[in-house]
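Place chain B on chain A using the hints.
2 protein chains.
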Amino acid sequence: MQYPNGKLFTEEEATLLQEIILHRRDTRGNRFLGMPLEERHVDQLLTAALHAPSVGFSQPWEFVLIRDKNTRQQVKESFSEESAAAGNAFTEDRQQEYSRLKLEGILEAPLNIAVFYRSSDKPVLGQASMKETGLYSVVCAIQNMWLMARALNIGMGWVSILDPVKVGHILNAPSGNQLVAYLCLGYTDGFYTQPELEILQWEKRRQRSAMLWYERYP
Amino acid sequence: MQYPNGKLFTEEEATLLQEIILHRRDTRGNRFLGMPLEERHVDQLLTAALHAPSVGFSQPWEFVLIRDKNTRQQVKESFSEESAAAGNAFTEDRQQEYSRLKLEGILEAPLNIAVFYRSSDKPVLGQASMKETGLYSVVCAIQNMWLMARALNIGMGWVSILDPVKVGHILNAPSGNQLVAYLCLGYTDGFYTQPELEILQWEKRRQRSAMLWYERYP
Chain A
648 MQYPNGKLFT EEEATLLQEI ILHRRDTRGN RFLGMPLEER HVDQLLTAAL
698 HAPSVGFSQP WEFVLIRDKN TRQQVKESFS EESAAAGNAF TEDRQQEYSR
748 LKLEGILEAP LNIAVFYRSS DKPVLGQASM KETGLYSVVC AIQNMWLMAR
798 ALNIGMGWVS ILDPVKVGHI LNAPSGNQLV AYLCLGYTDG FYTQPELEIL
848 QWEKRRQRSA MLWYERYP
Chain B
648 MQYPNGKLFT EEEATLLQEI ILHRRDTRGN RFLGMPLEER HVDQLLTAAL
698 HAPSVGFSQP WEFVLIRDKN TRQQVKESFS EESAAAGNAF TEDRQQEYSR
748 LKLEGILEAP LNIAVFYRSS DKPVLGQASM KETGLYSVVC AIQNMWLMAR
798 ALNIGMGWVS ILDPVKVGHI LNAPSGNQLV AYLCLGYTDG FYTQPELEIL
848 QWEKRRQRSA MLWYERYP
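Sequence order for the protein chains is A and B.
The opening position of the first sequence corresponds to residue 648 in our numbering, with each subsequent residue numbered one higher.
The opening position of the second sequence corresponds to residue 648 in our numbering, with each subsequent residue numbered one higher.
Everything labelled a hint here was simulated from the structure, so no lab data went into it.
Some hints here could point you the wrong way.
What the hints assert, rightly or not - Restraint-style ranges between C-beta atoms, simulated for each label pair:
1) ASN717(A) <-> THR694(B): 41 to 49 Å
2) GLU666(A) <-> GLU845(B): 24 to 32 Å
3) ALA857(B) <-> GLU666(A): 54 to 62 Å
No residue lacks a Cβ here, since even glycine has one placed at the ideal position from N, Cα and C.
Just chain A, same shape as in the assembly (with noise of 0.2 Å):
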């Protein structure tokens, strides 16, 4: 087996990675600047998505890029239904503020990108004892691809508020894929210093404290 030491990466570097996780943001619809994304921006995103981890190196991550209009208008209809949906489960005070925030770029973004998980039809190494590996390989693909769009100065927003099988209806998705994200990608105008739920005072950042324990829970 070839074994080299491999590369060694300096301080300096491991300062500017943890620069580009502390600077991304979820970037919404009233951000995204027109212009269509250059290829080899697209191009070195989905080289980041596909060198991410997965379970016995399984792989099991499928994109599709979506730029029709008549498309992304389909996907928004299921956000409207969703969210209004959603939006009933707030205290009264809080769905007047949800009623308020932008919470997504379907139309806006140039470019959209729905990431599926489709299974392995043999045993994948590693994932017998914990399905859910397949499906977090995915997202192991998807926030290396955020952090690659952060260091381009890309804009991406991750929507959740869709209906997933209405979303692999309007693909023409197998039905044994299963929808894990839906993301709009484009140029931004800029990026917030903080998460944009927190300057709105919708959620606090939570106490290091209270999310970290030590050799068992007491």
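Coordinates of chain B only, in the frame set by chain A:
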């Protein structure tokens, strides 16, 4: 709302992120060195995780840092049970190959981190139509940590051959918490140039054209 345009990254910086992504590997027990991780490195790993995106800014993640050998021994026992059962699913020639693979580093890595999902007790913005997005947020945190580990030249392995309920009991996790990942972390003697399962010809890298669709599935 404060709104500066945000930091702009250069092409060279995006290329560096691509390098980190391409050089990330799953590290197993045969590659870990014994010495403990420096606290500042553990801190950088957690900072990366805690700045991942999360649905509705819910930050639904909890991390248990484990160094105790007795605890790790108990987790290792769950691995051994699950691995023996999983091996039987493969064809006969693969079973032999499978039994020779080193698939975890629970005892060799100086630090184990169990990552749990803890669901919110109130409605989460964006989670009503796709409940799994809570789990997906936790996976984004793990992938951030994995890339940061690589940039710090720290090996990380994700062990999924475990009974998540047993591991929860070992760690005294609240019954509502769900184990998403069990990670092994430590300094390493190097990183393979390709995924180990690719080098060993267990799986091939899939062709890009088999994973990409335009506008919709045919």
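Could you see if the CB distance from GLU666(A) to GLU845(B) stays within 24 to 32 Å? holds (31 Å)
Range hint 41 to 49 Å: satisfied by the CB atoms of ASN717(A) and THR694(B)? Holds: the Cβ-Cβ distance is about 43 Å, inside 41 to 49 Å.
If I claimed the Cβ atoms of ALA857(B) and GLU666(A) lie 54 to 62 Å apart, would that claim hold in this structure? 35 Å Cβ-Cβ, so the 54 to 62 Å window is violated.
In this structure, the one hint that does not hold is number 3.
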